[in-house]
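K.L.:
Residues per chain are reported as follows:
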Amino acid sequence: MSTESRLKKVLNQGGFAVTAECGPPKGANAEAVLKKAELLHGKVDAVNVTDNQTAIVRMSSLAACALLKHAGLDPVLQMVVRDRNRIALQSDILGASALGIHNVLCLSGDHQRFGNQPGCVGVFDLDSIQFLQVVKGMRDEGLILGGEPLDKAPDVFIGAAANPFADPLGFRVTRLAKKIKAGADFIQTQCIYNLDRFETWLSMAVDRGLTEKAYIIGGVTPLKSAGMARYMKERVSGMDIPDEIITRMEGVPKEKQREEGIRICVETITRLKELQGVRGVHIMAIEWEAAVGAIAEGAGLLPRPEIDKG
Amino acid sequence: MITAEQKPMDEIRGMLAPYKRVLALGCGSCVAECAAGGEKETAMLASALRMAARIHDEEVLIHEKTVDRQCVEEFILPLDDMIGEYDAVLSLGCGAGVQAVSEMYQEIPIIPALNTEFLGETKDQGYWVENCLGCGDCMLYYFGGICPLARCSKQILNGPCGGSVDGRCEVNPDIPCAWQLIIDRLTQFGELHRLEEIYPPKNWARKQGSGPRKIIREDQQT
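In the order they appear, the protein sequences are chains A and B.
Using my numbering, the first residue of the first sequence is number 790, and each one after it goes up by one.
Using my numbering, the first residue of the second sequence is number 5, and each one after it goes up by one.
There's no promise every hint is true.
Stated by the list, open to error - Rough simulated footprint, nothing fancy, chain A against chain B, three-plus residues with beta-carbon under 8 angstroms:
#, segment
1, 13-21
2, 105-115
3, 174-186
4, 199-210
In short, the hints are calculated from the structure, not lab data.
Because the structure is a prediction, the values reported are computed rather than measured.
Yeah, the Cβ is synthetic: ideal placement off N, Cα and C, and Gly gets one too.
Please construct the entire structure, taking both the sequences and the accompanying hints into account.
P.N.:
Following this line, the structure appears as structure tokens:
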């Protein structure tokens, strides 16, 4: 079993990376994770495992990552600062590295108000940028927050999220710069439907030289139906779905809408591949992992490249 | 000021159920200012409790009194002469007031009538908002006078998060995005560059690192 990040190698070798998302089950069933792993095997370079997304209790991201690792995939451990203080976050980074999990995505996390434990404490001891900085310090200097040395530094490829569609646009790029300065090696973006806005954001990032300092991986999510598109537009904050996408989904019969969703995704990826500064795609097929292979195939991203094992 | 709201009537009546002689004790400071526990509210609550007792055919004596500050011993002392008449006190003070009275009169239960809420600013009549957490290490200078700990739903010190849209917070569109306010304010002062720097992790030891906090000022002690 390779103990290094495949994602890092693909990107460092100049490849266009493909990542996907795997949501852990609402239960202790390892099979559910392994089934998703099977659908993604060979289709992607790495698989993000979400961390109690939308603040709903699920199998821990760290545990599901370990299962994926054993199944031969390269997991990206998503970690939110909502549920753990700086002691627990640092401890889990060490644990992840020890388990052979070598990619981490440092996030704020969805607010607890939206989940099934609305009475919980929102920890938010560190914010995502501070967390990035802490992980970088652990990896590069072998020090935990406060300066105490580790006997072995964790080996992690550090990622952050960016939402080009939230406000204020100008400051979005400043925040991207802060994330990269803090330690992000790669950036996975919010789902892209509004390519014009994405390109505006990207060109601002290019102008600041940011795309030279971190790998930008564009996020896409295949729509399953026109209803899902409308729901995401209206109910998911920070999600920008132009009306023409919704009209396009509505324009095909219900039973063909999934295919249309995949087609839109493939078209988006085709455009992303041509943009200067975009170094990969993150396919978030929510509870639809089977779509990932079809999208990767359609976008000419298969087979995934061999990587130098050295 | 410290803001508070009255507990639901059923909860108050539930807590008072075992007691026959109750002193409803108001406080003339913060909780009077936010119309939760001042003289007027104490009179109204006492009267509502008497009425409820009558309706339910309960024999209960409820008197009322308001002191200027329940959280300061010298303002509580005048109760010495009367406290013995009662078998419970229903305090309309904040949590600090309830505990200060409790400490003075340990032989008698002091029951809270209010839920203490937050350090608030009066926005308008009948409208208070939380702007300060009392973290013990004020950072307002760095954030254009807007506290991200109190006013950002995720307490982000390097914001805004990806949920800020049209100046509103993703948690609730009624909440202005604190980070939009911070950016607007620093832009106005030509100080936006301050936010290019990464603000370091908060030292929470100033708030909760050594258990309950206290301030000791020898220059103020006699």
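K.L.:
Look at each hint and say if it fits the structure.
P.N.:
Status of the hints after comparison with the structure:
| no. | hint | verdict |
| --- | --- | --- |
| 1 | 13-21 | violated (count 0) |
| 2 | 105-115 | violated (count 0) |
| 3 | 174-186 | holds (count 5) |
| 4 | 199-210 | holds (count 8) |
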